[in-house]
Amino acid sequence: MLLTYLARRVVLALIALAGVVLVAFLIAHMVPADPLALVLSETATKDPSIRAAYVKRWGLDRSLPEQFLTYLTNVVRGDLGESFTTRRPVLRDLTQLVPATIELSLAALAVSLVFGIPLGIWAAVRHNRAPDHATRLIALAGAASPIFWTGLVALYFFYYVLEWAPGPGRIDTHLTYPPTVTGFLLVDSLLAGKLEIFGSAIQHIVLPACVLGWFIMGIVSRTTRSTLLEVLAADYVRTARAKGLGESVVIGLHALRNALIPMVTITGLNFASLLSGAVLTETVFAWPGIGRYAVTASVRLDYPAILGVTMMTAVIYIVVNLIVDLLYGALDPRIRVQ
Amino acid sequence: MTTTGVAVARGLAAAFVRSGRRPRRNTALVIGLTIVGVWVVAASLAPVVAPYSPLDLDVMNRLEPPSLAHPFGTDDAGRDTLSRVLYGGRITVPTAFVVILVASIFGTAVGAVSGYAGGRLDEALMRVVDVVLAFPSILLAMAITAALGAGLRNAMLAVVLVSWPEFSRLMRAQVLAVKANEYVVAARALGVPTGRVLLRHVLPNAFPPVLVKATLDVGNAIILTAALSFIGLGAVPPAPEWGAMIAAGQAKFEYWWVATFPGLAILSVVLGLNFLGDGLQDRLNPRLRTD
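Order-wise, the sequence lines are chains A and B.
For the first sequence, position 35 matches number 359 in this note's numbering, and the numbering has no gaps at all.
For the second sequence, position 120 matches number 138 in this note's numbering, and the numbering has no gaps at all.
I should point out that these hints are in silico values taken from the structure, not numbers from a laboratory.
Any given hint could turn out to be false.
Restricting the straight-line Cα-Cα distance to at most 25 Å, the calculated cross-link-like pairs of lysine to any residue (SDA-like) are [stated by the list, open to error]:
hint, chain 1, residue 1, chain 2, residue 2
1, B, K270, A, Y480
2, B, K270, A, A610
3, B, K270, A, V505
4, A, K518, A, I543
5, B, K270, A, K370
6, A, K567, A, V588
7, B, K270, A, L393
8, B, K197, A, K380
9, B, K270, A, I575
10, B, K270, A, D385
11, B, K270, A, D496
12, A, K380, A, L393
13, B, K270, A, N398
14, B, K270, A, G493
15, B, K270, B, G136
16, B, K270, A, K567
17, B, K270, A, Y483
18, A, K370, A, V345
19, B, K197, B, K270
20, B, K270, A, T620
21, B, K270, A, A478
22, A, K370, B, G167
23, B, K270, A, M587
24, B, K270, A, E487
25, B, K197, A, I526
26, B, K270, A, G517
27, B, K270, A, K380
28, A, K567, A, K380
29, B, K270, A, G491
30, B, K270, A, R450
31, B, K270, A, Y484
A few chain A positions that, by computed beta-carbon distances, are all more than 12 Å from chain B [as the list claims (entries may be wrong)]:
hint, residue
32, T328
33, Q391
34, N398
35, L415
36, L430
37, R460
38, V505
39, T506
40, A516
As the structure is a computational prediction, the values presented were derived from the model and not from experiment.
From the three backbone atoms N, C-alpha and C, an ideal C-beta is built for every residue, glycine too.
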């Protein structure tokens, strides 16, 4: 039973991955320009020998389905073409930049859970009273603010007016990056024993992480609230209360444990929102991750780069959700039956 | 199609009447209707109420802070921000509405067919939906707009292309639930053709949640279109589009009003739409009530 479940999830994920590459391929074919302009810079398209080499590499002289197969094979081998802007293989750019995005996203996720879960509990416990309405308003406002604007407002107040937070970027400009081991600055600076860099990195990540975290905190608090309300109506919670247990024990030990299981799924589904939000947060905060790379690439019509980021984020999303599905199957045996 | 329209209207009316039997305070609906109503009126009357033209340059009054003459200040070309925010509503609100109208029609059609047909067709359509949903919407929209070329029309098309799949998932689930009802089984047993069963019996009853989602998605479409314009892929300056206006005020902290007011415009209209969606949800489907 468990094996069938696992196998089905993995097969579905593989189909979705192939579909993602197909979508990227189709977008590349929507471009009205010379298809070689997709993979070659302007000067290179004029050189016949380079043209011929690329026609062969991407199978451009063959039928569309064959072209797709070539594209798929190249992508699977990690060949996403070269960026016109950086003139380096897109995959190399992405692997260098992705840790910054993941670091920011994880920090934002932590912010959203640390604030969202208690807010959700508070709303459920004070159901239909002032705290409940307040958290509903917070959630609605979070969903209604354009993140690129929230980021600017946050920078205005905390950097320009109050001078509490440092400006955009990952560390102070006078500091140099520690040697790259993991790519996560907070880890690498500690590995190198550079506490000054670590401190600067912490200061720089707080504001963008809060902006991005605020963006999904509403979803976290609303989900916590609704699942907790559901669980609070369950028989075993009534039993716990009937036994005379205190309210904090009933909620903290009995109810919350089951209420938080769906949070695993929500976190997985939120990963797409998180990555979407990261794109614009990185742009506003000059954060050197794949989101800012994608924005620069799309404005300069650097197709290999923008399609590379798009595919990579979709792959991250599919893999995260596959892990979430598997985790959920392990946490809640009822799911496997479906 | 008109008969479907009538049936959908009748279904919605019935849902409203059902909910009206137990009069209950629906603050969210009232707040939402008020905010969205004010914006619709302000945007439609912009040529009358706006104090200045949204495009006229006034180099003598560049980057003026808010004052009585310019309540929201002026931008770096001396254009009046209040007038531009009001005119911006004429671009943003109808754009998002059209985008979601198209996306919801296409998405629900796919979902309805998928749920009603079942089997392999259902499986295939849902895999397509999965793939589109795997992309972060802003990135997919950016890639599509970059491929088609920057501009508001292409940005709108991109937002349609990323917005339809969730409607399919929702509609499919609705159709699966409605399909099992006796009146649908009866209609099929009577030999009513499939298309007619879908349009006359299934669709109207599956419609209320789609309306709620569409309301919320108009807000999302506003944010997404503004984001594309902010990046430089959507509306082209000097068009008074809110996202583009925020981009113009970026990194000019001493001139805070340039980016603040268009941002507040987005925030307020989207908040209004979110309240409206929440309130509609309470009204149309008491079982799905958020409390």
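Hint check:
1. B:K270 <-> A:Y480: holds, 9 Å
2. B:K270 <-> A:A610: holds, 15 Å
3. B:K270 <-> A:V505: violated, 37 Å
4. A:K518 <-> A:I543: violated, 37 Å
5. B:K270 <-> A:K370: Measuring from Cα to Cα gives roughly 42 Å; hence the hint is violated.
6. A:K567 <-> A:V588: violated, 30 Å
7. B:K270 <-> A:L393: At roughly 48 Å apart (the allowed maximum being 25 Å), L393 (chain A) and K270 (chain B) break the hint.
8. B:K197 <-> A:K380: violated, 52 Å
9. B:K270 <-> A:I575: Since the Cα atoms of K270 (chain B) and I575 (chain A) sit roughly 48 Å apart, the hinted pair is violated (cutoff 25 Å).
10. B:K270 <-> A:D385: violated, 50 Å
11. B:K270 <-> A:D496: holds, 20 Å
12. A:K380 <-> A:L393: holds, 13 Å
13. B:K270 <-> A:N398: violated, 44 Å
14. B:K270 <-> A:G493: Judged against 25 Å, a Cα distance of about 17 Å means the pair holds.
15. B:K270 <-> B:G136: violated, 55 Å
16. B:K270 <-> A:K567: violated, 62 Å
17. B:K270 <-> A:Y483: holds, 13 Å
18. A:K370 <-> A:V345: With a Cα-Cα distance of about 28 Å, the restraint between K370 (chain A) and V345 (chain A) is violated, given a limit of 25 Å.
19. B:K197 <-> B:K270: violated, 57 Å
20. B:K270 <-> A:T620: At roughly 20 Å apart (the allowed maximum being 25 Å), T620 (chain A) and K270 (chain B) satisfy the hint.
21. B:K270 <-> A:A478: Holds. K270 (chain B) to A478 (chain A) sits at ~13 Å (cutoff 25 Å).
22. A:K370 <-> B:G167: Measuring from Cα to Cα gives roughly 23 Å; hence the hint holds.
23. B:K270 <-> A:M587: Violated. K270 (chain B) to M587 (chain A) sits at ~39 Å, over the 25 Å cutoff.
24. B:K270 <-> A:E487: holds, 16 Å
25. B:K197 <-> A:I526: violated, 54 Å
26. B:K270 <-> A:G517: violated, 37 Å
27. B:K270 <-> A:K380: Violated, because 49 Å separates the two Cα atoms, which is more than 25 Å.
28. A:K567 <-> A:K380: Roughly 75 Å separates the two Cα atoms, so the pair is violated.
29. B:K270 <-> A:G491: Holds, at about 13 Å.
30. B:K270 <-> A:R450: The hint is violated at about 43 Å.
31. B:K270 <-> A:Y484: Holds - the C-alpha atoms of Y484 (chain A) and K270 (chain B) are around 10 Å apart, at most 25 Å.
32. T328: Given a closest Cβ separation of 17 Å, the condition holds.
33. Q391: Holds, since 16 Å exceeds 12 Å.
34. N398: Nearest chain B Cβ is 18 Å from N398 (chain A), so the label holds.
35. L415: holds, 17 Å
36. L430: Since the minimum Cβ distance to chain B is about 16 Å, L430 (chain A) lies beyond 12 Å and the statement holds.
37. R460: violated, 8 Å
38. V505: Holds, because the least Cβ-Cβ distance between V505 (chain A) and chain B comes to about 28 Å, which exceeds 12 Å.
39. T506: Non-interface label on T506 (chain A) holds, nearest chain B Cβ at 24 Å vs cutoff 12 Å.
40. A516: It holds; A516 (chain A) is separated from chain B by about 32 Å at its closest Cβ, greater than 12 Å.
The structure does not agree with the numbered hints 3, 4, 5, 6, 7, 8, 9, 10, 13, 15, 16, 18, 19, 23, 25, 26, 27, 28, 30, 37 stated previously, though it agrees with the rest.
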